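For reference, the chains in residue letters:
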Amino acid sequence: MSKRPSLFSLVLSLPLLIWQLAFFLFPLLFLVAISFWTVRNFQMQPDFNTGNWVRIFTRSAFWDAYLRTFCLAAASAAITSAIAFPASYAISFKLSERARRWLIFVLIIPFFTSYLVRVYSLQVFLSDAGIINALLGKFGIGPFPLLNSTFGTLVGMITLCLPLVILLQLFSLNFVNRDLVEAAHNLRCARFRTVFLVIVPSAKVGLVIAALFAFILSFGDFVSPLYLGGGNPPTLSIMITDITKSGQQWPRAAVVALTMIGTLLTVAFLSIRFAYRERGE
Amino acid sequence: MTGNRNIVINGLLKLHILACLVFIFAPIIGSFVFSLNSDRFPSLPLGHFSLQWYRLILEDPFVWAGFFNTVFVGAIVAVIATTLGFGGAYTDFRYNFIGKNAYLALALLPPTIPVVIMGLAMLAFLSRISLSGGTFSVIIAHGVMCSPFAMAIIRLRLSQMDPDLEAASWNLGGNEWATLRHVIMPFTKPAIFAALFITMAVSFDEFAVAWFVSGLHETLPVKILGFLQGQVSPRINAIGSLAFLSSITLIVFAQMLMRNPSTGPVEK
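Chains as they are written, first to last, in numbering that gives the first Met the number 0: chain L, 0 to 280; chain E, 0 to 267.
If you are wondering where the hints come from, they were derived from the structure by calculation, not from laboratory data.
Being a predicted model, the structure only gives us computed values, none of them experimental.
It is possible that part of the hints are untrue.
Unchecked claim - The list that follows gives simulated cross-link-like pairs (lysine-lysine, DSS-like), each with its CA atoms no further than 30 Å apart:
{"hint": "1", "chain 1": "L", "residue 1": "K93", "chain 2": "E", "residue 2": "K188"}
{"hint": "2", "chain 1": "E", "residue 1": "K99", "chain 2": "E", "residue 2": "K188"}
{"hint": "3", "chain 1": "E", "residue 1": "K188", "chain 2": "L", "residue 2": "K203"}
{"hint": "4", "chain 1": "E", "residue 1": "K13", "chain 2": "L", "residue 2": "K203"}
{"hint": "5", "chain 1": "E", "residue 1": "K13", "chain 2": "L", "residue 2": "K137"}
{"hint": "6", "chain 1": "L", "residue 1": "K244", "chain 2": "L", "residue 2": "K93"}
Said to hold, decoys possible - Far from chain L, by Cβ distances over 12 Å, these chain E residues were calculated:
{"hint": "7", "residue": "F48"}
{"hint": "8", "residue": "R54"}
{"hint": "9", "residue": "P60"}
{"hint": "10", "residue": "A64"}
{"hint": "11", "residue": "F85"}
{"hint": "12", "residue": "A167"}
{"hint": "13", "residue": "G172"}
{"hint": "14", "residue": "H181"}
{"hint": "15", "residue": "P185"}
{"hint": "16", "residue": "I197"}
{"hint": "17", "residue": "F243"}
{"hint": "18", "residue": "A253"}
As the list claims (entries may be wrong) - Stretches of chain L that chain E covers, calculated by requiring three or more beta carbons in the stretch to come under 8 Å of a beta carbon on chain E:
{"hint": "19", "stretch": "13-26"}
{"hint": "20", "stretch": "138-145"}
{"hint": "21", "stretch": "196-206"}
Just so you know, even glycine gets a beta-carbon here, dropped at the ideal spot from N, CA and C.
Bound conformation, chain L alone (with noise of 0.2 Å):
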């Protein structure tokens, strides 16, 4: 390769590159300039005033609604994580490699589907008078108040997130060298430990950035606390549209905004770490 960059080459990569500094990384940047402004007259004013910081990070509604955010993505990581390493391992160590390959088909195919619709459809089964309340009822049982409640804004983000998590799971699971848990068996290792001791510490580096998805999905989301959790008290991305939608306090939400950016840069950063971090013997 000639030391200079050719224009063949600049020609194919510039162009993707130009459009995410131009579109992707300036706008984010732009976030952090209109956070130091100041709002007259409905107007955004350049400025340089952590006036908007200090308002948001002393309200203590703010800090109720981050403390909610964070407790209800960590809640969908953890039990998404949990509801689907039982069916990756068996999609992984079950199932003939005929029934894998559709089953990995079929799980893709809730990323084509609008969340939105999913989420209206959730509410029909999940209402008062609605298919699970009415199914219970003919047991006896019930009606629950599953809408409009923490449990509603799960089971949205349940729904969201375990089909990816159970593929991120899968992968790393197949790359899991089947000779350790043969080893593992011959040593009279029973399945459990098997499980434990041998095949989630081989695929923990993908099983931690499943979850991971999980709490990055469910910490924006928007939608199911909205619709499914009834939106009050408000999460902080309902915050950031209220915010938005409602006048010009824009600066206000971009602090919103970078503190979410803020947490979940920290979240992934230990995260990762702690995926990669080798274990004591």
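Since the structure of chain L is provided, determine the placement of chain E on it from the hints.
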């Protein structure tokens, strides 16, 4: 004895897979069923079969306007994202340079940023340069969000290519442009088409960022969001079912292209 226990455990595990699938697909299948049901708010027992919700959306000029907007945006986004993604994938395949990791991060990170934050950033930025509130702004935002998918699909195909093919072409006197046109493009053609269809499907379903930046020129998913905020309306199910069918058609096309790639470049 252990054999019996194994059968029970395996059975339970398979039952668990089935339960997960039911959980994942109940809302999707439910939406289909509700769209063909006469009740405004379906419950058990279900009402009778009816096409009224489909009739309602087909008679709604706003739904049609949203539909044409969605298709228009989707088609342009697919071309832009695939072009950008192709360049990115080939750059990653062919070149090593300082800052390559930063290049790849910038190219692939957009899907991990929460859509609300992307929406806010796009709205603030585009309205500053007076581009917000139009179809154009949705295209820009979707271009950012879709090009990583196109890049990943095409990069996957490139990794199946014998690197010597390129060298052979250069030895035979083809310059880089000719090699791109006669070797790389034919080889990646199935992936290019797959990327076109998949990015179009992603754009079809994206509602959050589009909602932030679209202003009055709403796409169909933004319209659905509007319906959700209003009163109960099974029209969502009808629109969703039609959208699902068109997305799945695109995916099946993409799958067929990916699975049945013409082997190697065309020989002269």
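These are the hints, each one checked on the structure:
{"no.": "1", "hint": "L:K93 to E:K188", "in the structure": "violated, 36 Å"}
{"no.": "2", "hint": "E:K99 to E:K188", "in the structure": "holds, 25 Å"}
{"no.": "3", "hint": "E:K188 to L:K203", "in the structure": "violated, 36 Å"}
{"no.": "4", "hint": "E:K13 to L:K203", "in the structure": "holds, 23 Å"}
{"no.": "5", "hint": "E:K13 to L:K137", "in the structure": "holds, 27 Å"}
{"no.": "6", "hint": "L:K244 to L:K93", "in the structure": "violated, 50 Å"}
{"no.": "7", "hint": "F48", "in the structure": "holds, 17 Å"}
{"no.": "8", "hint": "R54", "in the structure": "holds, 19 Å"}
{"no.": "9", "hint": "P60", "in the structure": "holds, 21 Å"}
{"no.": "10", "hint": "A64", "in the structure": "holds, 18 Å"}
{"no.": "11", "hint": "F85", "in the structure": "violated, 8 Å"}
{"no.": "12", "hint": "A167", "in the structure": "holds, 18 Å"}
{"no.": "13", "hint": "G172", "in the structure": "holds, 16 Å"}
{"no.": "14", "hint": "H181", "in the structure": "holds, 14 Å"}
{"no.": "15", "hint": "P185", "in the structure": "holds, 17 Å"}
{"no.": "16", "hint": "I197", "in the structure": "violated, 9 Å"}
{"no.": "17", "hint": "F243", "in the structure": "violated, 5 Å"}
{"no.": "18", "hint": "A253", "in the structure": "violated, 10 Å"}
{"no.": "19", "hint": "13-26", "in the structure": "holds (count 12)"}
{"no.": "20", "hint": "138-145", "in the structure": "violated (count 0)"}
{"no.": "21", "hint": "196-206", "in the structure": "violated (count 0)"}
Hints 1, 3, 6, 11, 16, 17, 18, 20, 21 from the list above are not met by this structure, while the remaining hints are.
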